[in-house]
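Chains as they are written, first to last, in the working numbering: chain A, 1 to 174; chain B, 1 to 174; chain C, 1 to 174.
Treat the hints as calculated values from the structure; they're not laboratory data.
All residues carry an ideal CB built from backbone N, CA and C; glycine is no exception.
Where hints are given, some of them may not hold.
[Unchecked claim] Label-pair distances were calculated between CB atoms; the ranges are:
1. Asp13(B) x Asp150(A): 26 to 32 Å
2. Arg12(B) x Arg29(C): 39 to 45 Å
3. Ser10(C) x Glu164(A): 46 to 52 Å
4. Glu23(B) x Asn108(A): 50 to 56 Å
For reference, the chains in residue letters:
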Amino acid sequence: MSHPKRNARSDRDNFIRLADDVELGEGVRLFSFVNAYGCRIGSHTQVGAFVEIQRGAVIGERCKIQSHTFICEGVTIEDGCFIGHGVMFINDRHPRAVNPDGSLQARNDWRCEPTHVRRGASIGSGAVILCGVTIGEGALVGAGAVVTRDVPAGKTVAGVPARERAQRILSGAV
Amino acid sequence: MSHPKRNARSDRDNFIRLADDVELGEGVRLFSFVNAYGCRIGSHTQVGAFVEIQRGAVIGERCKIQSHTFICEGVTIEDGCFIGHGVMFINDRHPRAVNPDGSLQARNDWRCEPTHVRRGASIGSGAVILCGVTIGEGALVGAGAVVTRDVPAGKTVAGVPARERAQRILSGAV
Amino acid sequence: MSHPKRNARSDRDNFIRLADDVELGEGVRLFSFVNAYGCRIGSHTQVGAFVEIQRGAVIGERCKIQSHTFICEGVTIEDGCFIGHGVMFINDRHPRAVNPDGSLQARNDWRCEPTHVRRGASIGSGAVILCGVTIGEGALVGAGAVVTRDVPAGKTVAGVPARERAQRILSGAV
Numbered sequence: 001m002s003h004p005k006r007n008a009r010s011d012r013d014n015f016i017r018l019a020d021d022v023e024l025g026e027g028v029r030l031f032s033f034v035n036a037y038g039c040r041i042g043s044h045t046q047v048g049a050f051v052e053i054q055r056g057a058v059i060g061e062r063c064k065i066q067s068h069t070f071i072c073e074g075v076t077i078e079d080g081c082f083i084g085h086g087v088m089f090i091n092d093r094h095p096r097a098v099n100p101d102g103s104l105q106a107r108n109d110w111r112c113e114p115t116h117v118r119r120g121a122s123i124g125s126g127a128v129i130l131c132g133v134t135i136g137e138g139a140l141v142g143a144g145a146v147v148t149r150d151v152p153a154g155k156t157v158a159g160v161p162a163r164e165r166a167q168r169i170l171s172g173a174v
Numbered sequence: 001m002s003h004p005k006r007n008a009r010s011d012r013d014n015f016i017r018l019a020d021d022v023e024l025g026e027g028v029r030l031f032s033f034v035n036a037y038g039c040r041i042g043s044h045t046q047v048g049a050f051v052e053i054q055r056g057a058v059i060g061e062r063c064k065i066q067s068h069t070f071i072c073e074g075v076t077i078e079d080g081c082f083i084g085h086g087v088m089f090i091n092d093r094h095p096r097a098v099n100p101d102g103s104l105q106a107r108n109d110w111r112c113e114p115t116h117v118r119r120g121a122s123i124g125s126g127a128v129i130l131c132g133v134t135i136g137e138g139a140l141v142g143a144g145a146v147v148t149r150d151v152p153a154g155k156t157v158a159g160v161p162a163r164e165r166a167q168r169i170l171s172g173a174v
Numbered sequence: 001m002s003h004p005k006r007n008a009r010s011d012r013d014n015f016i017r018l019a020d021d022v023e024l025g026e027g028v029r030l031f032s033f034v035n036a037y038g039c040r041i042g043s044h045t046q047v048g049a050f051v052e053i054q055r056g057a058v059i060g061e062r063c064k065i066q067s068h069t070f071i072c073e074g075v076t077i078e079d080g081c082f083i084g085h086g087v088m089f090i091n092d093r094h095p096r097a098v099n100p101d102g103s104l105q106a107r108n109d110w111r112c113e114p115t116h117v118r119r120g121a122s123i124g125s126g127a128v129i130l131c132g133v134t135i136g137e138g139a140l141v142g143a144g145a146v147v148t149r150d151v152p153a154g155k156t157v158a159g160v161p162a163r164e165r166a167q168r169i170l171s172g173a174v
């Protein structure tokens, strides 16, 4: 058994594992049970429990990243975004564990597709965000939605797959 | 970087963070990796790994709260309920990280809408429960459902959005 | 309050709780915040953060089990499978917290239905896998899908409930 080789500060009382290469702005609040490495988190952003933020992810200022959410390499979240609980970002369109020769895939064996969440957007809890999409400025993604294509600025989407909805049901998830 | 100011007992061997203001009934079982604060958990209820229970949540007796589930402020779960794995409750219909002036939202900047899960109800894994709904006594929510409105007592719902289904497919998720 | 009685090695720096009865192959990599007991994990498999693997689960060699995923009793995952982030497996078709007499259900009060994931299959992030199904060799389950029946070998499914899709949208989640 082995562990990934990282220089990390482990906070045993708050159950936080923060790699030395994480760049934190001023006044960032990390709640308990956070795992972060190689990422940037802007000033005054809050990160909830049971959140993982991977190498290469960039999160802006004054965001709320809620519990149980996974933010992967390739994801850029601009300032003032709300990312709900249990939101899953994706960066690999064709995920496989192994190569055709049976060897375990390494970082060079797959292509990372970027995802952008523009300023002030909100993503509801339990949403799944496919890779290669842009969620526009101030847009709203309903809870439980599966986003498979771009969301225009200021629009509301919901459902599986996510489609545009009238503003009044913005959080209605459907 | 800062942490939320809470008086909490950290159990470093079981990776549990239990705030001093949690009210626990008799014989409550907390599995590993639990984060709970300001809530009430009734007697003989079990709470699985990677669960967060927020301030103001109330959970009855003899419930099973399974792993990876998030229970927020405003949620009341009565006795004998089964809450599956990865279930996300919601309490804010219009979530935003920041106010119109750009400042980070604080607790008084949004309205908490309550959710009730009545006695003996079961919620399947991966379900998302929108706020302001009541899940009736003995009702069943299928796995992966997104519940956007009340579920009558004894009924089964499934799908996105969740709609009533025949009893025989009660766990069929669709 | 009580904790489950298990002999376990707690790794306080990596936040890992590994019961003594876990069988690990060679070169298994466990990331941080893992809870595993009574399971078998094959050689060179990787297990991400915030993953729980329960008693009786069997995972093959060279698999990738990504963060926030729950693998329960009754689940068998063969070699070379990719299990995305936030994937929920299920083993109880009729989950209830309590018996008709009001007592908390124990292990003998419900029936575990097995699930098989065959060699080389990939399951997208946020998918929910109902119990009693087989996901065939090399099959692909789209992100956010709810799988309610068998997936034939080599096929791609997506949506809620999951249905067969053309190969080209294999990761398109819908």
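Status of each hint after checking the structure:
1. Asp13(B) x Asp150(A): 26 to 32 Å: Given range 26 to 32 Å: violated, Cβ gap about 47 Å.
2. Arg12(B) x Arg29(C): 39 to 45 Å: violated, 23 Å
3. Ser10(C) x Glu164(A): 46 to 52 Å: holds, 48 Å
4. Glu23(B) x Asn108(A): 50 to 56 Å: The hinted range 50 to 56 Å holds for glutamate 23(B) and asparagine 108(A), with Cβ atoms some 52 Å apart.
The structure is inconsistent with the numbered hints 1 and 2, although it conforms to all the rest.
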